[in-house]
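Chains as they are written, first to last, in the working numbering: chain G, 146 to 391; chain C, 6 to 150.
FYI, nobody ran anything at the bench for these hints, they're computed from the structure.
It cannot be assumed that every hint is accurate.
What the hints assert, rightly or not - Label pairs and their in silico Cβ distance ranges:
no. : chain 1 : residue 1 : chain 2 : residue 2 : range
1   : C       : 117       : G       : 189       : 31 to 41 Å
2   : G       : 327       : C       : 106       : 15 to 25 Å
3   : C       : 111       : G       : 205       : 55 to 65 Å
4   : G       : 301       : C       : 117       : 32 to 42 Å
5   : C       : 113       : G       : 385       : 19 to 29 Å
6   : C       : 9         : G       : 240       : 47 to 57 Å
7   : G       : 179       : C       : 114       : 42 to 52 Å
8   : G       : 214       : C       : 132       : 31 to 41 Å
Stated by the list, open to error - Computed footprint of chain G on chain C; a stretch qualifies when at least three of its residues, placed anywhere within it, have a C-beta under 8 Å from a C-beta of chain G:
no. : region
9   : 40-54
10  : 65-73
11  : 95-107
12  : 118-127
The beta carbon of each residue, even a glycine, is placed where N, CA and C say it ideally should be.
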Amino acid sequence: MEDLVEIVLLAGEVLLTNGAEIQRVEETIARMGKAAGFLSAEGFATPTGLFVSFYAPDGRVYTRVRRIRAVKNNIAKIAAVNSLSRAYASGEISTDEVKEALLELTKPEAVYFWPAILASGPGCAGFALIFDGSMLDALFAGIIGMLVALIGAWLSQYPIPRIASSAVGGTIVALCARLFCQFSAADMNKIILGAVMVLVPGVLMTTSLRDMLSGELVSGVSRGADALAIAVGVAAGVAVVLSVGV
Amino acid sequence: MLLKSLLTGFVTAASFAFIYRVPQKQVLRCGLIGAAGLFVFALTGYLGQVAAYFLAATLVALLSEITARMAREPVIVFLIPGVIPLVPGGMAYTTMLSFLQNDYPGGFEQLAVMLFAAGAIAGGITVTSSAFRALYRPRRGHAAD
Numbered sequence: 146m147e148d149l150v151e152i153v154l155l156a157g158e159v160l161l162t163n164g165a166e167i168q169r170v171e172e173t174i175a176r177m178g179k180a181a182g183f184l185s186a187e188g189f190a191t192p193t194g195l196f197v198s199f200y201a202p203d204g205r206v207y208t209r210v211r212r213i214r215a216v217k218n219n220i221a222k223i224a225a226v227n228s229l230s231r232a233y234a235s236g237e238i239s240t241d242e243v244k245e246a247l248l249e250l251t252k253p254e255a256v257y258f259w260p261a262i263l264a265s266g267p268g269c270a271g272f273a274l275i276f277d278g279s280m281l282d283a284l285f286a287g288i289i290g291m292l293v294a295l296i297g298a299w300l301s302q303y304p305i306p307r308i309a310s311s312a313v314g315g316t317i318v319a320l321c322a323r324l325f326c327q328f329s330a331a332d333m334n335k336i337i338l339g340a341v342m343v344l345v346p347g348v349l350m351t352t353s354l355r356d357m358l359s360g361e362l363v364s365g366v367s368r369g370a371d372a373l374a375i376a377v378g379v380a381a382g383v384a385v386v387l388s389v390g391v
Numbered sequence: 006m007l008l009k010s011l012l013t014g015f016v017t018a019a020s021f022a023f024i025y026r027v028p029q030k031q032v033l034r035c036g037l038i039g040a041a042g043l044f045v046f047a048l049t050g051y052l053g054q055v056a057a058y059f060l061a062a063t064l065v066a067l068l069s070e071i072t073a074r075m076a077r078e079p080v081i082v083f084l085i086p087g088v089i090p091l092v093p094g095g096m097a098y099t100t101m102l103s104f105l106q107n108d109y110p111g112g113f114e115q116l117a118v119m120l121f122a123a124g125a126i127a128g129g130i131t132v133t134s135s136a137f138r139a140l141y142r143p144r145r146g147h148a149a150d
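All chains, full assembly: derive it from the sequences and hints.
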């Protein structure tokens with residue numbers, strides 16, 4: 146039984162640390178708990194912690210608390226846990242196989258995930274165009290976006306609060322944009338607006354409001370606060386550079 | 006203008022699909038959903054900002070739910086990259102920048118605009134996914150919800 150508790154808890158933890166929705170985490174815990182032979186499994190997930198109680202058929206109750214610290218966005222892992230939990234619930238794979246697959250998913254990833262860093266270029270360039278920038282603005286925004294993604298990946302190895310790393314990112318964006326504008330006719334504001342899109346918490350903001358609309362008040366409020374803190378960090382980093390020597 | 010929205014929507018959604026590490030064979034679909042969302046946003050812009058965000062997000066959520074069921078992946082695989090071109094992240098940044106530069110009236114104005122934009126997007130997604138949850142009964146072993 147202890148073993149089964151660990152597996153279900155691990156599935157919940159992998160989901161939360163990779164940025165899954167609260168509802169999905171709680172449903173997965175309930176589904177896997179039932180499949181593992183518990184009468185019921187009650188989960189309470191928040192963006193910073195996971196609480197689970199398992200009710201065993203012999204009357205015992207197992208309760209575990211997991212503190213969640215760093216949250217990354219890795220949708221592939223969420224998809225993997227999702228299909229694992231479904232396969233487990235329908236009895237297609239055994240407990241040992243689930244455990245092995247979950248442990249595989251918790252292994253630390255490579256610091257530099259190159260597809261993401263390279264994709265930041267076209268991503269930021271596209272946003273510069275959405276914000277009515279010229280092709281030149283888009284080119285510069287793309288270059289800066291890739292640089293910031295690279296530095297962000299490097300910083301992610303160290304235990305730095307997200308607001309601080311956002312501020313560093315904002316500073317680099319604004320510095321590079323000012324530098325490029327010294328030598329060309331590009332619009333600095335458009336470049337900055339495009340390039341900060343890799344830093345800025347747009348999805349977090351929307352997720353926060355979605356949580357609130359579906360009644361997940363705790364995670365809605367805490368994700369909103371997180372998004373606000375990141376936005377302040379980015380803006381502070383940019384503002385420092387903009388206010389110097391104008 | 007509309008063609009540009011299709012193109013930029015595709016590029017940003019597909020790029021952020023890589024950034025959020027979507028399974029790589031789904032990146033193309035994410036891009037197409039993002040393009041459709043931004044296209045509808047540009048097309049319905051004359052209705053006002055909130056309505057345009059709501060309609061675009063509703064379409065993105067609808068396409069994501071359908072694609073997720075076809076591809077047997079969780080909905081967020083398509084939903085998160087798909088809303089990326091719409092999401093008011095840039096506004097969150099300009100809001101804070103206005104406050105930091107002591108432009109409080111401008112900051113509050115943008116804050117209100119941003120909250121309504123994010124609310125309209127979240128509303129569009131929530132309405133669609135609730136409707137799907139209510140109407141659709143998952144078949145056994147069907148990896149989508």
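**Asked** Against which earlier hints does the structure fall short, listed by number upward?
**Response** 9 and 10
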